[in-house]
Amino acid sequence: MYSYIIRRLLMIIPVLFGVSIVIFFTLRVIPGDVAQTILGTSATEESLSALRGRFGLDLPVHEQYFLWISGVLGGDFGVSMRTGAEILPEILSRFAITFELTLMAAIISWIVAIPLGIIAGINRNSKTDFSVRIISLFGVSIPNFALATILILILSLVFNYSPPVGYVGFFEEPLRNLQILFLPAFVLGTAMAGAVMRMTRSSILEVLRQDFIRTVRAKGVKERIVIFNHAFKNAMIPILTIIGMQVGVLLGGTVIIEQIFSLPGLGQMVLTGINQRDFTVVQGAILFIAFVFVLINLLVDLLYAYLDPRITYK
Amino acid sequence: MTEFIQKLKEDKVGLAGLIGIVIVVVLALLAPVITPYSPDQMHTEHVMEAPSSQFLFGTDDFGRDIFSRIVHGAQVSLQVGLIAVGIGATLGLIFGLLAGFYQGKTDQIIMRVMDVFFAFPDILLALTIIAVLGPSLTNTMIAIGIVFTPVFTRLIRSAVLTVKENEYILNAKAVGVSNIKIILKHITPNVMAPFIVQITLALSGAILTEAALSFLGLGVQPPNPSWGVMLNESRAYMEIAPWLTVFPVVAIILTIFCFNLLGDSLRDLLDPKLRQ
Numbered sequence: 000m001y002s003y004i005i006r007r008l009l010m011i012i013p014v015l016f017g018v019s020i021v022i023f024f025t026l027r028v029i030p031g032d033v034a035q036t037i038l039g040t041s042a043t044e045e046s047l048s049a050l051r052g053r054f055g056l057d058l059p060v061h062e063q064y065f066l067w068i069s070g071v072l073g074g075d076f077g078v079s080m081r082t083g084a085e086i087l088p089e090i091l092s093r094f095a096i097t098f099e100l101t102l103m104a105a106i107i108s109w110i111v112a113i114p115l116g117i118i119a120g121i122n123r124n125s126k127t128d129f130s131v132r133i134i135s136l137f138g139v140s141i142p143n144f145a146l147a148t149i150l151i152l153i154l155s156l157v158f159n160y161s162p163p164v165g166y167v168g169f170f171e172e173p174l175r176n177l178q179i180l181f182l183p184a185f186v187l188g189t190a191m192a193g194a195v196m197r198m199t200r201s202s203i204l205e206v207l208r209q210d211f212i213r214t215v216r217a218k219g220v221k222e223r224i225v226i227f228n229h230a231f232k233n234a235m236i237p238i239l240t241i242i243g244m245q246v247g248v249l250l251g252g253t254v255i256i257e258q259i260f261s262l263p264g265l266g267q268m269v270l271t272g273i274n275q276r277d278f279t280v281v282q283g284a285i286l287f288i289a290f291v292f293v294l295i296n297l298l299v300d301l302l303y304a305y306l307d308p309r310i311t312y313k
Numbered sequence: 000m001t002e003f004i005q006k007l008k009e010d011k012v013g014l015a016g017l018i019g020i021v022i023v024v025v026l027a028l029l030a031p032v033i034t035p036y037s038p039d040q041m042h043t044e045h046v047m048e049a050p051s052s053q054f055l056f057g058t059d060d061f062g063r064d065i066f067s068r069i070v071h072g073a074q075v076s077l078q079v080g081l082i083a084v085g086i087g088a089t090l091g092l093i094f095g096l097l098a099g100f101y102q103g104k105t106d107q108i109i110m111r112v113m114d115v116f117f118a119f120p121d122i123l124l125a126l127t128i129i130a131v132l133g134p135s136l137t138n139t140m141i142a143i144g145i146v147f148t149p150v151f152t153r154l155i156r157s158a159v160l161t162v163k164e165n166e167y168i169l170n171a172k173a174v175g176v177s178n179i180k181i182i183l184k185h186i187t188p189n190v191m192a193p194f195i196v197q198i199t200l201a202l203s204g205a206i207l208t209e210a211a212l213s214f215l216g217l218g219v220q221p222p223n224p225s226w227g228v229m230l231n232e233s234r235a236y237m238e239i240a241p242w243l244t245v246f247p248v249v250a251i252i253l254t255i256f257c258f259n260l261l262g263d264s265l266r267d268l269l270d271p272k273l274r275q
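Residue numbers (numbering that gives the first Met the number 0), protein chains in the order written: chain A, 0 to 313; chain B, 0 to 275.
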């Protein structure tokens, strides 16, 4: 098991290097002069060459990459081309917001999706099952930005309520923080809830058909224990897979949700960076998100082994 | 195939999805005939009017007819969906066939590159590509196409690995049929089932991604009547003119819902494990 963890950790390195190369070189093939793009057409030749010199834009591209990546490996993500602010501290403080938002969204979606999925699976083909299936399909089909817009509209027109504006950290005002993040997290969590609900239902169905469940039932074990102690634990593997896959959707979704609800998270940082063509910010933030995404997928893989002792890793 | 069509006919949910998609396609194709006005025509006397018999879904801040824009928007969505998925599916098919058939180094190189692309959340990869190419209709399609390539590659590769072990492939090899011919004539037709299911699901994903990118102002550009663009423009007037928000949202949700219904049914029909 330990050697498997170490091997998987080592496998992340080439992937992340690949990611860094893709981001860096993609952002460098932009037609035209990067310095000109940032400073505008009215910039003087001196200011242009000063900017090029400062960010090494006059060096060959591969040298620029090595400069950047060696900085990143030493914990230095460089500075913003627009504001000159250090990028890593900014990423970390914004990531705290995105992380809290993502975590809340995930928790909300699990609380709703797993029980409903189990109920639908146990009462297959009943009215409850049918409703759960339709709800979950709607959950998957409603884009989060559309749901956010329509919820804000309904809350405002029907309940005369507008979501709180401005962001307050959890450790400053915990209640207000949760109040601010609840609606965005709820919207973000719906797609995941839909997917998790569907997977829970179908994997519960799959497990309930198996011989060992029949044996357990034949022994006279209470149905509640059959479902929770035997069926659910065995149904967890595919559910975990879908949860792992959905993390990417959540992290991507934060870009839009943070924009709609004006939350100063990592997603908004990427979007502002793209709009302002601040490439050092964009490449740093996206590399960081990819790193988190890869790490979470690894964690999900490792959880399999914990949940299913039949899976052995060599 | 006839058995498959029969089953699809019996599956009411999938059929409902298919009918919904046909309606969207027909609306998109007949948009100039069905709509009373051009999507860009401004009725300056009728700015932000609520739905009425003259303007079925109301008008926007430029006095443009929302109904006409929604119907023309279906064209944009389907065009982006089809071309983007076309790009992703074609690239994925080629890479998947090569990786699965030749294995070894070819497989290693292709799949490691795909792993790298998998490490990006979809929308972020699309945003990065748009950041480089600049926001426009064509670039949106290219970006989404690239985003979808790894999923198709992985799917086709694993299907090829299974098909390749069949005896008829080994026979074809033994009698000296060329690799290209084996790939095209014997393998490709046999990986079509999962490929088609993935295309249906990817179409809904592509339409959704286009709407999201356009909503962020980084996809299709105004005055193109994309549903995402319309929704983004509506936000400023949401409370005084809710119809500007409601109709694009409904259009997006229903279209994606229909594609998902069909995709789901196709998957159930083609996957024996889920068939019960």
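Honestly, the hints are just simulated from the structure, not real lab data. Glycine included, each C-beta is placed from N, C-alpha and C at the ideal position. Incorrect hints may appear among the rest.
What the hints assert, rightly or not - Rough simulated footprint, nothing fancy, chain A against chain B, three-plus residues with beta-carbon under 8 Å: (1) 101-114; (2) 233-244.
Stated by the list, open to error - Straight-line Cα separation of at most 30 Å, DSSO-like style, residue types lysine-lysine; simulated pairs: (3) B:LYS8 - A:LYS126; (4) B:LYS184 - B:LYS163; (5) A:LYS126 - B:LYS11; (6) B:LYS104 - B:LYS6; (7) B:LYS6 - B:LYS184; (8) A:LYS126 - A:LYS232; (9) A:LYS126 - B:LYS6; (10) B:LYS184 - B:LYS172; (11) B:LYS104 - B:LYS180.
Proposed proximity, A:LYS126 with B:LYS8 (alpha carbon, max 30 Å): holds (22 Å)
- prompt: Quick one, are A:LYS126 and A:LYS232 close enough, alpha carbons at most 30 Å?
  reply: holds (26 Å)
- request: Below or equal to 30 Å on CA atoms is what counts here, so check B:LYS184 against B:LYS172.
  value: Status holds; Cα separation ~12 Å.
message: Check the hint pairing B:LYS104 with B:LYS6 against an upper bound of 30 Å on the C-alpha distance.
response: violated (42 Å)
message: Against the 30 Å threshold, does the CA-CA distance of A:LYS126 and B:LYS11 hold or violate the hint?
response: Satisfied, since the Cα-Cα distance of roughly 16 Å is no more than 30 Å.
message: So if I understand the rule, the pair passes when the alpha-carbon distance is 30 Å or less; does B:LYS184 with B:LYS163 pass?
response: Distance of about 12 Å is within 30 Å: holds.
field: Check of the region 233-244 of chain B against chain A for coverage (Cβ-Cβ below 8 Å, three residues minimum)
entry: holds (count 6)
- prompt: Given as covered by chain A, does the region 101-114 of chain B meet the bar of three residues or more with CB within less than 8 Å?
  reply: holds (count 3)
task: Given the hint that B:LYS104 pairs with B:LYS180, test it: the Cα-Cα distance must not exceed 30 Å.
output: Given pair B:LYS104, B:LYS180 holds - Cα atoms ~21 Å apart, limit 30 Å.
query: Quick one, are B:LYS6 and B:LYS184 close enough, alpha carbons at most 30 Å?
result: Distance of about 27 Å is within 30 Å: holds.
query: Going straight from one Cα to the other, do A:LYS126 and B:LYS6 come out at no more than 30 Å?
result: holds (23 Å)
Violation of the numbered hints given earlier is confined to hint 6; every other hint is satisfied by the structure.
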